[in-house]
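Q: Letter by letter, the chains look like this.
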Amino acid sequence: GAGVSQTPSNKVTEKGKYVELRCDPISGHTALYWYRQSLGQGPEFLIYFQGTGAADDSGLPNDRFFAVRPEGSVSTLKIQRTERGDSAVYLCASTESGFITDTQYFGPGTRLTVL
Amino acid sequence: GESVGLHLPTLSVQEGDNSIINCAYSNSASDYFIWYKQESGKGPQFIIDIRSNMDKRQGQRVTVLLNKTVKHLSLQIAATQPGDSAVYFCAENRIYNQGGKLIFGQGTELSVKP
Numbered sequence: 017g018a019g020v021s022q023t024p025s026n027k028v029t030e031k032g033k034y035v036e037l038r039c040d041p042i043s044g045h046t047a048l049y050w051y052r053q054s055l056g057q058g059p060e061f062l063i064y065f066q067g068t069g070a071a072d073d074s075g076l077p078n079d080r081f082f083a084v085r086p087e088g089s090v091s092t093l094k095i096q097r098t099e100r101g102d103s104a105v106y107l108c109a110s111t112e113s114g115f116i117t118d119t120q121y122f123g124p125g126t127r128l129t130v131l
Numbered sequence: 129g130e131s132v133g134l135h136l137p138t139l140s141v142q143e144g145d146n147s148i149i150n151c152a153y154s155n156s157a158s159d160y161f162i163w164y165k166q167e168s169g170k171g172p173q174f175i176i177d178i179r180s181n182m183d184k185r186q187g188q189r190v191t192v193l194l195n196k197t198v199k200h201l202s203l204q205i206a207a208t209q210p211g212d213s214a215v216y217f218c219a220e221n222r223i224y225n226q227g228g229k230l231i232f233g234q235g236t237e238l239s240v241k242p
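Chains as they are written, first to last, in this note's numbering: chain A, 17 to 131; chain B, 129 to 242.
Calculated directly from the structure, the hints in this document are not laboratory data.
One should not assume that every hint holds.
[Claimed, not checked] Covered by chain A, per the in silico footprint, the following chain B stretches (three or more residues, Cβ under 8 Å):
#, stretch
1, 166 to 177
2, 207 to 221
3, 229 to 241
[As the list claims (entries may be wrong)] Computed list of lysine to any residue pairs in SDA-like fashion (alpha-carbon distance at most 20 Å, straight line):
#, chain 1, residue 1, chain 2, residue 2
4, A, Lys31, A, Asn78
5, B, Lys170, A, Tyr121
6, B, Lys196, B, Arg222
7, B, Lys184, A, Arg127
8, B, Lys170, A, Ile42
9, B, Lys170, A, Gly56
10, B, Lys170, A, Thr68
11, B, Lys170, A, Pro24
12, B, Lys241, A, Lys31
13, B, Lys241, B, Lys199
14, A, Lys27, A, Gly101
15, B, Lys170, A, Lys31
16, B, Lys170, A, Asn78
17, B, Lys184, B, Asp159
18, B, Lys196, B, Asn155
19, A, Lys27, B, Gly169
Ideal Cβ placement from N, Cα and C applies to all residues, glycine included.
All chains, full assembly: derive it from the sequences and hints.
A: This is the structure in structure tokens:
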């Protein structure tokens, strides 16, 4: 079956611009996670959705970052007024139910470059 | 502060040898640990997990050992193959977390020489 997909695979933008990153989870998975991975580092948690609601957004670095999942499936991570420090790979993962022992299946990521 | 980290950033092994990748964690309340493999340009891929009520768990060619006394986790790969070349991350989940928020370590890059 299809895995987690993310679009675009690469995004280059200029400082100050707005970007949207999309995640399509595995069909039927109720939990969805966003992580950010800087070069040479492990993924860093950003936000977790259970269904349509953000159950934990403690990892969002500031109010320029926002994510939605209006129908409990596709999610969009939105970054306003991008800064060079936002450059990273943004990873999305989904799980069947959100239990801590559920396997998180990751997408290939979106590489964001802010010039 | 609380963290999940790795002892070595790089590991080079000969094809056919066994590999051991280590990880230290600092929070004794951690309940669940996972090893992920990440190839270049791809997302992390689940390898094996272990709960805190276990000391050892085996999969296909992989074994995870958990030493709660010294807060240490290791991944052993038997008969390492070129396809095992990747960055390996340990990740931690904590029982009091809501949902499956993972805390990842920095990663170890495994290079397999033919």
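Q: All the hints need checking, so say for each whether the structure fits it.
A: Evaluation of the provided hints:
A count of 7 residues in the stretch 166 to 177 of chain B with a Cβ less than 8 Å from any Cβ of chain A is obtained; the coverage claim is therefore met, three being the minimum. Residues of the stretch 207 to 221 of chain B with a Cβ under 8 Å from some Cβ of chain A number 3, which satisfies the need for three, so the listed coverage holds. With 7 residues having a beta carbon nearer than 8 Å to a beta carbon of chain A, the stretch 229 to 241 of chain B meets the requirement of three or more and the stated coverage holds. This hinted pair checks out: lysine 31 (chain A) and asparagine 78 (chain A) have alpha carbons roughly 16 Å apart, not beyond 20 Å.
Proposed proximity of lysine 170 (chain B) and tyrosine 121 (chain A) is supported: the alpha carbons are some 12 Å apart, at most 20 Å. Proximity of lysine 196 (chain B) to arginine 222 (chain B) is assessed by CA-CA distance (about 14 Å); at most 20 Å being required, the pair is judged to hold. Note on lysine 184 (chain B) and arginine 127 (chain A): the hinted pairing is violated, with a Cα-Cα distance of about 36 Å set against a maximum of 20 Å. For the hint pairing lysine 170 (chain B) with isoleucine 42 (chain A), the CA-to-CA distance comes to about 16 Å; that is within 20 Å, so the pair holds.
Taken as a hint, the lysine 170 (chain B) and glycine 56 (chain A) pair is honoured in the structure, with Cα atoms around 14 Å apart against an allowance of 20 Å. Taken as a hint, the lysine 170 (chain B) and threonine 68 (chain A) pair is broken in the structure, with Cα atoms around 27 Å apart against an allowance of 20 Å. For the hint pairing lysine 170 (chain B) with proline 24 (chain A), the CA-to-CA distance comes to about 14 Å; that is within 20 Å, so the pair holds. For the given pair, lysine 241 (chain B) sits about 42 Å from lysine 31 (chain A) by alpha-carbon distance, which is inconsistent with the 20 Å threshold.
Distance restraint check for lysine 241 (chain B) and lysine 199 (chain B): the Cα-Cα separation of roughly 31 Å exceeds the 20 Å cut-off, and the hinted pair is therefore not satisfied. For the given pair, lysine 27 (chain A) sits about 14 Å from glycine 101 (chain A) by alpha-carbon distance, which is consistent with the 20 Å threshold. In summary, the hint linking lysine 170 (chain B) to lysine 31 (chain A) is not supported, as the alpha carbons are separated by about 26 Å, beyond the 20 Å threshold. The suggested pairing of lysine 170 (chain B) with asparagine 78 (chain A) is violated, with an alpha-carbon distance near 27 Å, which exceeds 20 Å.
For the given pair, lysine 184 (chain B) sits about 14 Å from aspartate 159 (chain B) by alpha-carbon distance, which is consistent with the 20 Å threshold. Restraint check: the Cα-Cα separation between lysine 196 (chain B) and asparagine 155 (chain B) comes to about 10 Å, which is no more than 20 Å; the hinted pair holds. Using a Cα cut-off of 20 Å, the hinted pair lysine 27 (chain A) and glycine 169 (chain B) holds, with the two alpha carbons roughly 14 Å apart.
Figure legend: structure checked against the earlier numbered hints; hints not met, in rising order: 7, 10, 12, 13, 15 and 16.
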